[in-house]
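Chemist: Chain B: place on chain A using the hints.
Protein chains in written order, with this note's numbering: chain A, 10 to 237; chain B, 5 to 83.
Hints in this document: simulated from the structure, not taken from any laboratory. Each residue gets a CB set at the ideal place from its N, CA and C atoms; glycine is no exception. Keep in mind that the hints are not guaranteed to be accurate.
Cut-off 27 Å, straight-line C-alpha distance, at most; resulting in silico cross-link-like pairs (DSSO-like, lysine-lysine) [said to hold, decoys possible]:
| no. | chain 1 | residue 1 | chain 2 | residue 2 |
| --- | --- | --- | --- | --- |
| 1 | B | 49 | A | 107 |
| 2 | A | 181 | B | 49 |
| 3 | B | 32 | A | 181 |
| 4 | A | 108 | A | 205 |
One side only, chain B facing chain A, incomplete, derived with CB under 7 Å [what the hints assert, rightly or not]:
| no. | residue |
| --- | --- |
| 5 | 15 |
| 6 | 39 |
| 7 | 46 |
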Amino acid sequence: MAILNFPATSNLPMDRVSFPMTRRATEFDEDRLVTPPTDATLVQRTLAGNRAAFDVLIRRYQRQAVSVSYRLLGSSQDALEVTQDAFLRAFVNLGSLKKPEAFGGWLLRIVSNLSLNFRRGRKSRSQLPLDDLLASSDTTSANGHSIGNLAIGYVDPAHQLQSAEMGRRLRKALRQLPDRQRSAIILFAIEQMPQKQVARTLGCSVEAVKWHVFQGRKRLREVLKDYL
Amino acid sequence: MLFPELDFLLMQYLDGSLPPEQRAAVGKILDSHPEARAQLRSYQKLDNVFRSEAPMPSIQWEDLAERISAAIRPRAPSA
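The following block holds chain A by itself, in its conformation from the complex (with noise of 0.2 Å):
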């Protein structure tokens, strides 16, 4: 157990302490790790039959995952099923996976391409009932508590209409972009991936991704120029 991060303290028997938490505890457990287990290391634990280790992945790719979906889709149940789905795919074709530390790069391909097909057949209803896992501001209990596990915290009611309105334009410009300028501005510039990671994402060169998110940038500037 020496993997687990303990206070320099305590003098517990490190077998014989337990912690209070809401989950079971796994030897993966990110926030006791004094090192993270790489990516590398947790896909070939999930090969070797460890299914801890892909749940780790799970909690360490899913925000990303929706993150880029959402963007694609511009819908957060369409992303919530989209990432299940991408998860799902990443885990049964682990072994196609050449390069194991680059798994987080093969899992948004995965992603971006699930996104960009559902894009296209637009499927009208998930699979699972994913709409409670969505801790929107106008999932209130009769109270007005947010029933979300999330915090969501105080925006001034007049920066909030306008942040509104311009992210209601930045969206409506993205979902008018082509698909791969769309795919390489949400990646880039938004979820602030590094172009290498972009290129192998999208299957495409570095030099491709420059000029797609040249294209995609200076159509958006066009389009949100008011607020610039």
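Modeler: This is chain B only, laid out in the frame that chain A set:
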């Protein structure tokens, strides 16, 4: 109106993806051309919009992770 080539270089300048010599050359252009500086500023503002005005809906991440994990449970990865 700037040349499209310069516009493309300005964007790469902003992204930090130019090699040092080209970066220095674009820096000189920026020093002497207000229009180029204004163009660069507009791209900087656009990037700020991307980062601050593209909010994500709140998700119950732990629940999502559990659901994905549960969906995967009956499956096995390919060797």
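Chemist: Against each hint, give a clear statement of whether it holds in the structure.
Modeler: Consistency of the hints with the structure:
1. Annotation: proposed proximity of residue 49 of chain B to residue 107 of chain A is violated, straight-line Cα distance about 39 Å (limit 27 Å).
2. Note on residue 181 of chain A and residue 49 of chain B: the hinted pairing holds, with a Cα-Cα distance of about 18 Å set against a maximum of 27 Å.
3. A distance of roughly 37 Å separates the Cα atoms of residue 32 of chain B and residue 181 of chain A; the hinted pair therefore is violated under the 27 Å criterion.
4. Between residue 108 of chain A and residue 205 of chain A, the direct Cα distance comes to roughly 15 Å. Compliance with the 27 Å bound is thereby established for this hinted pair.
5. Given hint, residue 15 of chain B at the interface with chain A, holds; its Cβ is 5 Å from that chain's nearest Cβ, closer than 7 Å.
6. Hint on residue 39 of chain B is violated. Least Cβ distance to chain A is approximately 15 Å, over the 7 Å limit.
7. Contact between residue 46 of chain B and chain A, as hinted, is supported at the beta carbon level, the nearest pair being about 5 Å apart and thus within 7 Å.
Hints 1, 3, 6 from the earlier list are contradicted by this structure; the remaining hints agree with it.
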